[in-house]
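A.B. asks: Below are the chains, spelled out letter by letter.
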Amino acid sequence: DVKVTQSSRYLVKRTGEKVFLECVQDMDHENMFWYRQDPGLGLRLIYFSYDVKMKEKGDIPEGYSVSREKKERFSLILESASTNQTSMYLCASSSGAREQFFGPGTRLTVL
Amino acid sequence: GENVEQHPSTLSVQEGDSAVIKCTYSDSASNYFPWYKQELGKRPQLIIDIRSNVGEKKDQRIAVTLNKTAKHFSLHITETQPEDSAVYFCAPSPLSGGYNKLIFGAGTRLAVHP
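Quick mapping for you: the protein sequence lines, in order, are chains A and B. Per the numbering used here, the first sequence starts with residue 232, numbered consecutively. Per the numbering used here, the second sequence starts with residue 493, numbered consecutively.
Hints are computed from structural coordinates only; laboratory data are not their basis. We put the CB at the ideal spot given by N, CA and C, even for glycine. Among these hints, one or two may not hold up.
[Stated by the list, open to error] Partner residues aside, some chain B positions facing chain A, computed with beta carbon under 8 Å: (1) A521; (2) Y524; (3) P536; (4) L538; (5) F596; (6) R601; (7) A603.
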């Protein structure tokens, strides 16, 4: 069974803080993705990575950065958190152009 | 870029009825058409997908049909059960080398009433 885990289920941060969200997968998938999910908007792609140290911008990269130093781990960084980044963040991984497996999500609240 | 729309946004059916959700897209390069299901408080999971060289695919009570000319594809659920209650997302995409960059629709909330 593919297992994708995320470091926190719930997170509360203050405006201006630097926030790290971590995602780990155990199936040796080369592709990893970060989405944010907001009511009525579906899932929107922030960044993805198709190999270690490689990254590509998704549809809404502004205010975010990512890091992939190891194949199994993909981190999403909010350099200076703002209230409009309050959302559910979902990580996913895939092998090739196949099914994406999602983590449980991190609900981030920025006060 | 790709514009994806799902209809309806909410759907309420009686147990045993059929449900149909339609997804329209704009990018003619899209050739991969998955449907994901997200139960309340859970992660999205792939339930069925189709590639553009196939017009229809069926898996037990669920099926997906594709009309590439009209740029839409639909999810069909027959004999609905309460456990089918969830939000369903379509995510058409072009298959690009070693990954597919999914563009998700806004979702359809399906409620199946006993």
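A.B. asks: Classify the hint on F596/B as holds or violated, based on whether any CB of chain A lies nearer than 8 Å to its CB.
C.D. replies: holds (4 Å)
A.B. asks: Is the hint on L538/B kept, meaning its closest Cβ partner in chain A is under 8 Å away?
C.D. replies: Given a least distance of 5 Å, the restraint on L538/B holds.
A.B. asks: Once the shortest beta carbon distance from A603/B to chain A is found, is it less than 8 Å?
C.D. replies: violated (16 Å)
A.B. asks: Using Cβ atoms only, decide whether R601/B comes closer than 8 Å to chain A, and label the hint accordingly.
C.D. replies: violated (10 Å)
A.B. asks: Tell me if the interface restraint on P536/B is satisfied: Cβ within less than 8 Å of some Cβ in chain A.
C.D. replies: holds (5 Å)
A.B. asks: Grab the minimum C-beta distance from A521/B to chain A and call the hint holds if it beats 8 Å, violated otherwise.
C.D. replies: Violated, because the Cβ-Cβ distance from A521/B to chain A comes to roughly 13 Å (cut-off 8 Å).
A.B. asks: Report holds or violated for the interface hint on Y524/B, using the least CB-CB distance to chain A and a cut-off of 8 Å.
C.D. replies: holds (7 Å)
In this structure, the hints that do not hold are numbers 1, 6, 7, in rising order.
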